[in-house]
Each structure stands twice: as C-alpha cells, then as structure tokens.
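Colleague: The residues making up each chain are set out below.
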Amino acid sequence: MVELAEMTPTVTAAPPALKAESKNVSFFYGAFQALKKVNVNIADKKVTALIGPSGCGKTTFLRCFNRMHDLYPGNRYQGEILLHPEGVNIIGPEVDPIEVRMRINMVFQKANPFPKSIYENVAYGLRIRETNSRSVLDGKVEQALRHAALWDEVKDRLQNLAFALSGGQQQRLCIARALATDPEIVLFDEPTSALDPIATARIEELIGELKKSVTILIVTHNMQQAARVSDYTGFMYLGELVEFDVTGKIFTNPSNKLTEDYVTGRFG
Amino acid sequence: MTSTTDIKAIIRRHRTRDAAFAVLGMVCLLVCIATLMALLVDLAIDGVGRLSPGFLTSFPSRFPGKAGILSAWVGTILVMLVTALAAVPLGVAAGIYLEEYARKNWLTTIIEINIANLAGVPSIVYGLMALGLFVYQFHLGQSILTAGLTLALLILPIVIIATRESIRAIPGSIREAAYALGATKWQAIKHHVLPYSTGGILTGVIIGLSRAIGESAPLITIGALTFIAFLPPAPVQRTFPFVNFDWLASPFTVMPIQLFNWVSRPQQAFHLNAAAAGLVLMAMTLAMNGIAIYVRYHSRKRIKW
Ligand SMILES: Nc1ncnc2c1ncn2[C@@H]1O[C@H](COP(=O)(O)OP(=O)(O)O)[C@@H](O)[C@H]1O
Ligand SMILES: [Mg+2]
Chain A
1 MVELAEMTPT VTAAPPALKA ESKNVSFFYG AFQALKKVNV NIADKKVTAL IGPSGCGKTT
61 FLRCFNRMHD LYPGNRYQGE ILLHPEGVNI IGPEVDPIEV RMRINMVFQK ANPFPKSIYE
121 NVAYGLRIRE TNSRSVLDGK VEQALRHAAL WDEVKDRLQN LAFALSGGQQ QRLCIARALA
181 TDPEIVLFDE PTSALDPIAT ARIEELIGEL KKSVTILIVT HNMQQAARVS DYTGFMYLGE
241 LVEFDVTGKI FTNPSNKLTE DYVTGRFG
Chain B
269 MTSTTDIKAI IRRHRTRDAA FAVLGMVCLL VCIATLMALL VDLAIDGVGR LSPGFLTSFP
329 SRFPGKAGIL SAWVGTILVM LVTALAAVPL GVAAGIYLEE YARKNWLTTI IEINIANLAG
389 VPSIVYGLMA LGLFVYQFHL GQSILTAGLT LALLILPIVI IATRESIRAI PGSIREAAYA
449 LGATKWQAIK HHVLPYSTGG ILTGVIIGLS RAIGESAPLI TIGALTFIAF LPPAPVQRTF
509 PFVNFDWLAS PFTVMPIQLF NWVSRPQQAF HLNAAAAGLV LMAMTLAMNG IAIYVRYHSR
569 KRIKW
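Heads up: the sequence lines are chains A and B, in that order.
Here our numbering is used: the first sequence runs in plain steps of one and ends on residue 268.
Here our numbering is used: the second sequence runs in plain steps of one and ends on residue 573.
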C-alpha cells in the first residue's frame, strides 16, 4: 500500500492517506522529454498544488492523470501513477484511458463549455455514463451546480445557452460539469488565469469547499493562489520536481535554494 | 522631428489616397452590379411573358407557345434528390474520417491534395467517367440514378472540403472537454463535432447542389434526353409498399438541357421559352441559396467560438 520510505520526513508528519502517487513519471512529446522522473504524492481529500515558471511541465504532468496525452500521436509516458485504493497504474498501457477519465475529471485553463444549455453541459458526463432518467439527471445537475456555487445564479435559466454566462460563471459551470459525475480526483489547470480578481476569489473559495468531498490537484503559476488554496505544494522546474512539501513549509522555509528563489520572486 | 504642419500635410495626402480608393472600389462594385442587373433584366423582359402555370405544367412541344418545362423541372428535382442523398452521407463521412480518424501521414496528404484538385476538374470529365463507370460498367442506364450519381461525384469534393473546414473550426478545447469526461471518439463526434458543424456542412452541401443544378455537360455525356414528353413513375403510390423506386431507372431531362435545346433552335419564340426557363432555374437556385443563408444565419447565431 503506502510506501512511507518514498516520502520526505515532513510529508510523513502529515496524515498520509494517499489518493494517488506518481512514481518516476517521465513524459515525452515525441523526442522532447517534458517530465523527468517526477515523484508526487497526492493526499486524499486535500488540495495539492504545482507551481513553477511557465513551460516547466505543470500542464504536462497534470494531463498525465487523465491520459489526455493519449489523444495525440507521438506522446509517451514512463513510470507509474498509482491510483488508490486499488493501486492501479493509470498510465499503464493496459489501462483504458476512457476508464481513467471516467474517474478523474478535469477543469481547463480556459473555460470550455459546450455550446449547449447550462443543464446539458452539466448533464453531459452523466449522459455518457448512460444516466438517462430525467429525475436522476435533474437531481445531479442541481447538486453539481450547488457544489460549484453557481446554482443560485442559474437556477431560473438552466435551458439558456452556456455561452451567455460571464467568464467566471462559465468556469464554475465547467467545475460543475466535472463534479457531476462524482470523480475521485479533479484536476485544475490554472483555472483562474483568464478571470478577474473577484471571479478568481470565488473559485479559490470554492476549491477550499470542494476538498471536503474530492481530491484536488491544481496547477497554477500564481504563487499566492497556491499558498491560499493548497495543503501541499510541489515546485517544478524544467520538467523536474524540485521540492515537494506541505504548503506552509514551501513558502516560508523551503529547503531548496531554487524553490526559495522562486517563491521569493527572484525569478519566474 | 517632423513639424506639426508637415504631419498635417502627410495626413492630408494619406486621406486623399484613402478617399481615392474608396471611390475606385465603389466604381468597380457598381460595374459588377450593373452588369448582373442588365443580364437579369434582359432575361426577365424576354422570359416573363412566357411564365404561366401552363408553362410549368406542360411537356415540351414543337409549338413554342404550347411548350413547357414540366419534364425538365421534375427531372431536375429528382436528379438533385439522388445527388444529395448520395453526396451528403458519403462526403460528410469521408470528411469526418479525414479530419478525425485518419492519421496525418503522406497518404492522407496525397488524398487531401487530390480532393482539392478534384473540386477543380471540369464537369464534362465527370460525365465521361460516369459514362464509363455507371452506364457501361454497372449498367445503370441513361437514367435519373446515373445522373444523380454523376452529379454527386461532381459535388463530393465540395461537400468533403466544407465538412472538413467546419469541423476544423471547432476549437480543440471543446473536443478535449468531451474526452475529459470520458467520451469516446464517436461520442465526441456524434454529440459535439457534428451538431456544431451542421451549419457549415449544410452550407457546403447547398453550394454544391447549386453548382450541380446548373450542369448540363456531364448529363448530356451520359445520355440525358433533350425532348421528353412523359414523367418518371411517381415515387409514392397508393398501394403497398407506398414507395416506388422505378423512377430511378427512368430516362430524364433537366432544366439546363431543356434551356440549351430551346436556345439552339432558330425560331425566336423558343428563345423566349429559354429565357423563361432560365428565370425558373434561377429561382430554384436562389431558393436553395436562401435556405443556405437561413441555415448559416441560424447556426452562427447560436455558436460563436
Ligand atoms: N504538444 C506539445 N508538443 C511538444 N512540446 C510541448 C507540447 N506541449 C508542451 N510542450 C513543451 O513541454 C514543456 C512543458 O510545457 P507545459 O506542460 O505546457 O508547461 P507549463 O504548463 O508548466 O507552462 C514546454 O517546454 C513546452 O514547450
Ligand atoms: Mg500550463
């Protein structure tokens, strides 16, 4: 099960109920190696943040968790990402990427609602899981929208086109869409980078709420955001994980010089 | 440093050129519109007198005053029906395959180049191909079926290209959203790619059909008749099984052929018939384009990427 020997002492100090762990994950876009033996432990029902300068491989790493890279030719994984409790290696070639995506959902950098109604956006994941009963769908859609703190704003116009919502609302709609199918992990790839400060604050608040029920892995290049929302933080640089620890330690007392330079704003 | 007065002189010069081009462009536009209007008015003056219900419901005749376009417009509609039924599923499926499934390698590149070039092949060459393939090889006869399939070949590249272009206009992020929820490729296509590109595909189909409706050369090549005084068997009937496909094997003529036939006769009266038929053909084309504009307007209004 959980291999404590793999972890740094500070992390063992925290309760290490693991939802997933990446072991020596390397990733290649064709011949270009974008990730170099990344080891990260994703604690259950906690927020784990990945920070690092643009191009360091945060998105690449995140997209390994739901096998998005399988959509494009020439991509190659190495290493393992174990999903607990079974401990199945979700980047193993024998594992069906669709099964992985059914369990691990994703919120993208830019809100990408379907050009359908608000209702149908949230219901889509359920529909492809062959949930067709109207009453079940209604219930789940409402629950997901409430979870995403959007219900009150849209409950009277569920049949309106999602494109009519504001940017922040669209992103919360995408969060609702990702939550509707009760995923085990939700991946967030810089979910607020296109939003104004107020919409950003709402989503950060929401992430704090969500971790009560779901494990969250979030990528951000905004260090304050990582400091505000996460329990654990990993600092990545040039495809490598430089340091991984509880968030407070990374931001106040990092053990690596590079991490310190980054969190104090000396580069990046 | 340029002084203020210099800048004013420069701006004035630029403004003059700006205005000059606006005038030039306007003149060019007026020339185009005036020419088209002249053609249209000329056609209308000649043809309008012959337009009557009788003209639409009569068969061709030796007497210009009695001759009508019944067999021609019925033929045109039936041929277009076959063309659409053949070209749309084939072209859309091929476009989807190329865009969504085919690996990007030298073979697909060659296929793509070929499709683009096929769109430019003269229509009579399609007629020759169809004569060899459909008439001599498959023995489909000089029939509506052969004609429809011939024109379907002709517009297939248009449909394929339109399909690919409207599919390509869908942002990758929408596809990724579907895949990230666990959709298969076919689900992503059925639930997203196709519905969101319907407007563009239909527009392409109608542009193709508008081209096909005016074609006479390939149909003459495969043996369309120029004088036909009967209608194909009706596609629906009162008795079981209520549909009848005999019309597919029927000989036929189409509007442009009828028109050409009348124009090539010496009597002036037949030329008036040709003008009237030209008006009807134009109305049919305009109606189709109207549908295209309607569809495009409605799908664009719904979806802005
Ligand atoms: N599809 C791709 N093909 C090739 N290289 C890519 C691709 N996507 C990203 N990269 C490269 O991989 C590295 C990591 O990118 P990414 O994971 O997007 O970084 P981040 O999200 O941290 O900004 C960068 O050097 C980038 O140029
Ligand atoms: Mg990124």
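Simulated from the structure, these hints should not be mistaken for laboratory data.
For each residue, glycine too, the CB sits at the ideal point set by N, CA and C.
Keep in mind that the hints are not guaranteed to be accurate.
Unchecked claim - Taking lysine-lysine pairs in the DSBU-like style, the calculated list, with each CA pair at most 35 Å apart, reads:
#	chain 1	residue 1	chain 2	residue 2
1	A	36	A	155
2	A	37	A	23
3	A	140	A	249
4	A	257	A	36
5	A	212	B	372
6	A	37	A	155
7	A	45	A	155
8	B	276	A	110
9	B	276	A	36
10	B	458	A	249
11	A	211	B	453
12	A	249	A	23
13	A	36	A	23
14	A	110	B	334
15	A	23	B	276
16	A	23	A	257
17	A	140	A	257
18	A	155	B	453
19	A	140	A	110
20	A	140	B	372
21	A	36	A	140
22	A	37	A	257
23	A	23	B	334
24	B	458	A	37
25	B	334	A	36
26	B	458	A	155
27	B	453	B	372
28	A	23	A	155
29	A	257	B	372
30	B	453	A	45
31	A	257	B	458
32	A	257	A	45
33	A	249	A	211
Said to hold, decoys possible - Covered, in the sense of this in silico footprint (three residues per stretch, anywhere, with C-beta under 8 Å from a C-beta of chain A), are these stretches of chain B:
#	region
34	452-460
35	549-556
Colleague: Hint by hint, say whether it matches the structure.
Modeller: Hint by hint, here is what the structure shows:
| no. | hint | verdict |
| --- | --- | --- |
| 1 | A:36 - A:155 | violated, 46 Å |
| 2 | A:37 - A:23 | holds, 7 Å |
| 3 | A:140 - A:249 | violated, 38 Å |
| 4 | A:257 - A:36 | holds, 19 Å |
| 5 | A:212 - B:372 | violated, 45 Å |
| 6 | A:37 - A:155 | violated, 46 Å |
| 7 | A:45 - A:155 | holds, 28 Å |
| 8 | B:276 - A:110 | violated, 45 Å |
| 9 | B:276 - A:36 | violated, 61 Å |
| 10 | B:458 - A:249 | violated, 49 Å |
| 11 | A:211 - B:453 | holds, 31 Å |
| 12 | A:249 - A:23 | holds, 22 Å |
| 13 | A:36 - A:23 | holds, 11 Å |
| 14 | A:110 - B:334 | violated, 67 Å |
| 15 | A:23 - B:276 | violated, 69 Å |
| 16 | A:23 - A:257 | holds, 24 Å |
| 17 | A:140 - A:257 | violated, 47 Å |
| 18 | A:155 - B:453 | holds, 32 Å |
| 19 | A:140 - A:110 | holds, 24 Å |
| 20 | A:140 - B:372 | violated, 40 Å |
| 21 | A:36 - A:140 | violated, 40 Å |
| 22 | A:37 - A:257 | holds, 20 Å |
| 23 | A:23 - B:334 | violated, 88 Å |
| 24 | B:458 - A:37 | violated, 38 Å |
| 25 | B:334 - A:36 | violated, 85 Å |
| 26 | B:458 - A:155 | holds, 28 Å |
| 27 | B:453 - B:372 | holds, 17 Å |
| 28 | A:23 - A:155 | violated, 43 Å |
| 29 | A:257 - B:372 | violated, 45 Å |
| 30 | B:453 - A:45 | holds, 31 Å |
| 31 | A:257 - B:458 | violated, 52 Å |
| 32 | A:257 - A:45 | holds, 30 Å |
| 33 | A:249 - A:211 | holds, 20 Å |
| 34 | 452-460 | holds (count 4) |
| 35 | 549-556 | violated (count 0) |
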